[in-house]
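Asker: Each chain is listed here by its residues.
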Amino acid sequence: MVFAVVAYLAVTSAPGWPRVQTTFFSWSAAVDAFPEILKGLWLNLQVLLIGGMLILLFGLLVAMLRTLRGPALAPLRILATAYVDLFRGMPLIIVLYLVGFGVPALRLQGVPTSSFVLGTAAIVLVYSAYVAEVFRAGIESVHPSQRAAARSLGLTYRQTMRIVVLPQALRTVTPALLNDFVALQKDVGLISVLGAIDAVRAAQIIVGQTFNFTPYVVAGLLFVLLAVPSARLADAVTARARRRQQSGSLL
Amino acid sequence: MSVLELRGVVKAFGANVVLRGVDLAVEEHRVVALIGGSGSGKSTLLRCASLLETVDDGEVFLDGEDITDPRVDADRVRRRMGVVFQAYNLFPHLSVLDNVTLAPTVVHGRSRAVAREEAHALLARIGLTDKAGEFPDRLSGGQQQRVAIVRALAVHPRVLLLDEITSALDPELVGEVLSVVREVAAQGMTIVMATHEMGFARQVADTVAFLDGGVLLESGPPEQVLGQPQHPRTRQFLSRVVDAGRLS
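Respectively, the protein sequence lines represent chains A and B.
Going by the working numbering, the first sequence opens with residue 1, and the numbers climb by one from there.
Going by the working numbering, the second sequence opens with residue 1001, and the numbers climb by one from there.
Chain A is nowhere near these chain B residues, computed Cβ spacing over 12 Å in every case:
#, residue
1, SER1111
2, GLU1117
3, GLU1118
4, ALA1124
5, GLU1172
6, ALA1186
7, GLY1188
8, GLN1230
9, ARG1235
Not everything, but these chain B residues come out facing chain A in the computed CB check (under 7 Å):
#, residue
10, ASP1075
11, VAL1083
12, ALA1087
13, ASN1089
Footprint (simulated), chain B over chain A, 3 or more residues, beta carbon under 8 Å:
#, stretch
14, 146-154
15, 160-174
It should be emphasised that the hints constitute simulated quantities derived from the structure, not laboratory data.
Bear in mind the structure is a predicted one, so any value in this text is a computation, not a measurement.
For every residue, glycine included, the Cβ atom is placed at its ideal position computed from N, Cα and C.
Kindly produce the complete structure, drawing on both the sequences and the hints.
Answerer: Shown next, in the form of structure tokens:
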């Protein structure tokens, strides 16, 4: 709090502040840019929702492959591990360039070239690797005795996963997943590097026309507004999980 | 024909050989108590019999069928057996009722209504009708273990395998679990149980089998094995148990 006041005073008393104020915090520029940026944000939201669902599905699939047991399934396990290592290690922006500019350059028939589709694909590739690890931790946190109990009742591997392991795993990892979702909310703004007219790109275009940076601030604040509800939701879910654990509900 | 039969079962975990060729036959409606110190292989024997572990050598027969044959569908075999574990292993995210009806509906394809009706009847038998809607963590250890027994019974198993089911319980809760087992045995269920409760084994078991270092050293009627043990290792084990005050 004290720090905030000091920072505020330091910034507003800086010699360059009047200039910064007009180029970054101009009310009229913000009002002018707002409709276009909001329209761009709609694209981000679409990437977020569609991408988010694909990430959950794909991440879960990779996690299941990674937790398979038995020597016969080793190739699948190794493949899944290699995928996770690759896409967790590679910066998102590079994956965006590779997918967004590399795939269209192949000129393959039937492969989409829209920056919206390719940008979403790149984000899904990277985030699925993270989410797969979250799911894997959750699956492994379910005690092996739970599988033994399920299998002893005659449930198949699939039934055991679906009815016994995954519901318990999901409950454990929900806070971590929501945290990743918050991170995803701002990373969807990176599809602008492919030329998709999202909130960031829309802001950039207006900045280029007016030489005023306020649209960036507007876009940034809109992303923050988007993130706040999920951040609070993540807090609430984490608190609930902690209460549950302290009451000793898990074996 | 035996309901369950083990022939020369060998099981090792890495260099640690836990079972060194065990033969055991369990006749229908009979109760076999496996006794022996910790690490003697009792649990491993039950896990091999229930196909939760694969045997390294030897065979296990269920109703005459070699269930250790790799061509056998293990999932179909496990449906015909009931297992109760030391740590109950109820599913914490499912209600007591759902724990009991899970296998009957999902594995055996019974209708929900039928499975529920039967589950309620089973819960009534163990006096837990009012807990049907509760989650397992709201129950005491003894209550959880009674539910686990009922869950295993709900699939109408050919044989019930009990793996030290009272070892994790507070002493005052042991009785209520054993009385359920006694009742189930009286109704003719074929049972194999690993246990440290010698008094209970004496009362309920038809056969007591003493396992030591992965070898079945001695087996016979309880009065013989517990009363006049032939093998020095059996005598040694039982005298330690008496010292611990567990042989009534």
